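Peer 1: Single-letter residue listing:
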Amino acid sequence: MEFLDRYESLVDDHEAFVAACSEPLPTVVRVNTIRASVERTLLALDDAGIGYERRGWNDRVLELDVEKPGRTWPYYHGWLHGQEEVSSLPAAVLDPGERERVWDACAAPGGKATQLSALMEDTGTVVANDQNLGRLSALRHNAERLGVTNLAVTCADARNYSLSPFPFEAFDRTLVDAPCSCEGTIRKNRDVAEEWSLGHVESVAGIQKGVLRRAVQATREGGTVVYSTCTFAPEENEAVLDHVLSAESCAVVPFETELAHDPGVREWRGAEYDPSVEHARRFYPHRNDTGGFFCAKLEVGP
Amino acid sequence: MSDDRDGGGRDGDRENVGERFGRLPATADERAVPGRATREEVLAYFEERFGIPRGSFDGHTFWEKGAGKLWAYAGEADSGIEVEALGITLLRTRQEHWKPTTSAALRFGGAATENVIDLGESEADAFVRGHDQRIEWDGDWGYLIAAHQLAGEREPLGVGLYLHGELRSVVPKGRQWD
Numbered sequence: 089m090e091f092l093d094r095y096e097s098l099v100d101d102h103e104a105f106v107a108a109c110s111e112p113l114p115t116v117v118r119v120n121t122i123r124a125s126v127e128r129t130l131l132a133l134d135d136a137g138i139g140y141e142r143r144g145w146n147d148r149v150l151e152l153d154v155e156k157p158g159r160t161w162p163y164y165h166g167w168l169h170g171q172e173e174v175s176s177l178p179a180a181v182l183d184p185g186e187r188e189r190v191w192d193a194c195a196a197p198g199g200k201a202t203q204l205s206a207l208m209e210d211t212g213t214v215v216a217n218d219q220n221l222g223r224l225s226a227l228r229h230n231a232e233r234l235g236v237t238n239l240a241v242t243c244a245d246a247r248n249y250s251l252s253p254f255p256f257e258a259f260d261r262t263l264v265d266a267p268c269s270c271e272g273t274i275r276k277n278r279d280v281a282e283e284w285s286l287g288h289v290e291s292v293a294g295i296q297k298g299v300l301r302r303a304v305q306a307t308r309e310g311g312t313v314v315y316s317t318c319t320f321a322p323e324e325n326e327a328v329l330d331h332v333l334s335a336e337s338c339a340v341v342p343f344e345t346e347l348a349h350d351p352g353v354r355e356w357r358g359a360e361y362d363p364s365v366e367h368a369r370r371f372y373p374h375r376n377d378t379g380g381f382f383c384a385k386l387e388v389g390p
Numbered sequence: 126m127s128d129d130r131d132g133g134g135r136d137g138d139r140e141n142v143g144e145r146f147g148r149l150p151a152t153a154d155e156r157a158v159p160g161r162a163t164r165e166e167v168l169a170y171f172e173e174r175f176g177i178p179r180g181s182f183d184g185h186t187f188w189e190k191g192a193g194k195l196w197a198y199a200g201e202a203d204s205g206i207e208v209e210a211l212g213i214t215l216l217r218t219r220q221e222h223w224k225p226t227t228s229a230a231l232r233f234g235g236a237a238t239e240n241v242i243d244l245g246e247s248e249a250d251a252f253v254r255g256h257d258q259r260i261e262w263d264g265d266w267g268y269l270i271a272a273h274q275l276a277g278e279r280e281p282l283g284v285g286l287y288l289h290g291e292l293r294s295v296v297p298k299g300r301q302w303d
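Each protein sequence line maps, in turn, to chains A and B.
Just so we're on the same page, the numbering used here is the position in the first sequence counted from 1, plus 88.
Just so we're on the same page, the numbering used here is the position in the second sequence counted from 1, plus 125.
It is worth saying that the hints were derived from the structure and are not from the lab.
Keep in mind it's a predicted model, so treat the numbers as computed, not measured.
C-beta: ideal position from N, C-alpha, C; glycine also.
Be aware that one or more of the hints could be misleading.
[To be verified] Now the in silico label distances, taken between C-beta atoms and shown as ranges:
1) A:E283 - B:G176: 48 to 58 Å
2) B:G245 - A:E209: 30 to 40 Å
3) B:K224 - A:P363: 55 to 65 Å
4) A:P342 - B:Y170: 47 to 57 Å
5) A:Q305 - B:R139: 27 to 37 Å
6) B:S247 - A:G310: 53 to 63 Å
7) A:G294 - B:S247: 50 to 60 Å
8) A:R187 - B:E173: 23 to 33 Å
9) A:E346 - B:E144: 37 to 47 Å
10) A:H229 - B:K224: 14 to 24 Å
[Stated by the list, open to error] Derived contacts from chain B toward chain A, CB cut-off under 8 Å, selection only:
11) E201
12) V208
13) R232
14) V253
15) G299
[Unchecked claim] Here chain A is said to cover these stretches of chain B; the calculated rule only asks that three of the stretch's residues, wherever they fall, bring their Cβ under 8 Å from a Cβ of chain A:
16) 188 to 199
17) 210 to 222
I would like the entire structure built from these sequences, with the hints used as guidance.
Peer 2: What follows is the structure, encoded as structure tokens:
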């Protein structure tokens, strides 16, 4: 876990930060309102004697008192999907409307794409793309189980993505939940610490910049792009925003969230970023008892 | 939503191509791909076999990819589109007895009134483990929607094949409990 020490200057209570990163995550699920209302799902959990705690910031997010939610009736029926609490944030920030055209550029295994579908009441079009065919099969499995019918699934490199299969020219909204070094998932995957290297951070940052640029290009003027990662490294977060701000017509804009957070950082290891990256939000594990996360909202310009 | 807006002329409308999604024609009069089911036939199948009202599918278009595998999709696409998936799998056609998918039973089967077999809790548990079981049933043989009670209402579990006094679970392995 030594790699966490490089963030000592960013996090005000470094000891609590490192301690939280060593703790397992609570069992958190999202109610899939395409299949059942929150009320009916809670009734089914009550009937099964499964305890739950609701989350104030999102009425579809529940913490369960079971370790394996997969062995419950509401899960079998596609009423529940296992999704870490803070992972439910970016789709909510993107806030798609019914009948819109939405792109999830790096969609597998599909937790966020199917959440976008639910927010759209399973209307409109969610194009769920991923470059990795193996991970796409997990997405397909989730889409079938959750009964999501507005998903079109594609397998392509998001950096030069073509909309040519579709009868429209641009998306209204795009989510880039980018492949990353996954530092913030250390609570569920200890291997992250072993596999961490600065070289990997820097190489994945190049991919992130390419995907986010294409996302801005593929989204209509006035549309919204949300960029998220599950990592702390500014190289993969604010530096990516800074790059895309200089290369494409877009702006980083503030968004509200009840989850405790820190602002995006303006400086890192000698680099200075566009001041607007402060509107991005950093989510540290000790603040909300979640994984680590980064989320930014962008408005697409002319 | 009707299926009369087929994106004219692409191969998805003339022949069945394995990697393309071809939109189902509205009726037999508009059928260009031999053997392809029509929207009308699909609606009639779900209505006649399971009592599912035609309106349950108003927001969905129907598509074929591969031989006989039908999908239900709520989004935008033109016939002939080459993508990995459109919506969820719905129904297996181009065989003597059409077979609804587990996904279709869960997503649309809540509106079914015919050929629904109600299972008790231990039977429902065995069903989702993929076990075949002897159960009395006075109705038709063939594909049934298996259901149980959840949160005070009937809720479909999937598709079972009823033959000779036995209900065979066809819940796919990836969705079974072990």
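Peer 1: Against each hint, give a clear statement of whether it holds in the structure.
Peer 2: Verification of the hints:
no.: 1; hint: A:E283 - B:G176: 48 to 58 Å; in the structure: 54 Å, holds
no.: 2; hint: B:G245 - A:E209: 30 to 40 Å; in the structure: 34 Å, holds
no.: 3; hint: B:K224 - A:P363: 55 to 65 Å; in the structure: 60 Å, holds
no.: 4; hint: A:P342 - B:Y170: 47 to 57 Å; in the structure: 52 Å, holds
no.: 5; hint: A:Q305 - B:R139: 27 to 37 Å; in the structure: 34 Å, holds
no.: 6; hint: B:S247 - A:G310: 53 to 63 Å; in the structure: 56 Å, holds
no.: 7; hint: A:G294 - B:S247: 50 to 60 Å; in the structure: 56 Å, holds
no.: 8; hint: A:R187 - B:E173: 23 to 33 Å; in the structure: 32 Å, holds
no.: 9; hint: A:E346 - B:E144: 37 to 47 Å; in the structure: 45 Å, holds
no.: 10; hint: A:H229 - B:K224: 14 to 24 Å; in the structure: 19 Å, holds
no.: 11; hint: E201; in the structure: 5 Å, holds
no.: 12; hint: V208; in the structure: 5 Å, holds
no.: 13; hint: R232; in the structure: 4 Å, holds
no.: 14; hint: V253; in the structure: 6 Å, holds
no.: 15; hint: G299; in the structure: 6 Å, holds
no.: 16; hint: 188 to 199; in the structure: holds (count 3)
no.: 17; hint: 210 to 222; in the structure: holds (count 5)
When the structure is compared with the earlier hints, no violation turns up for any of them.
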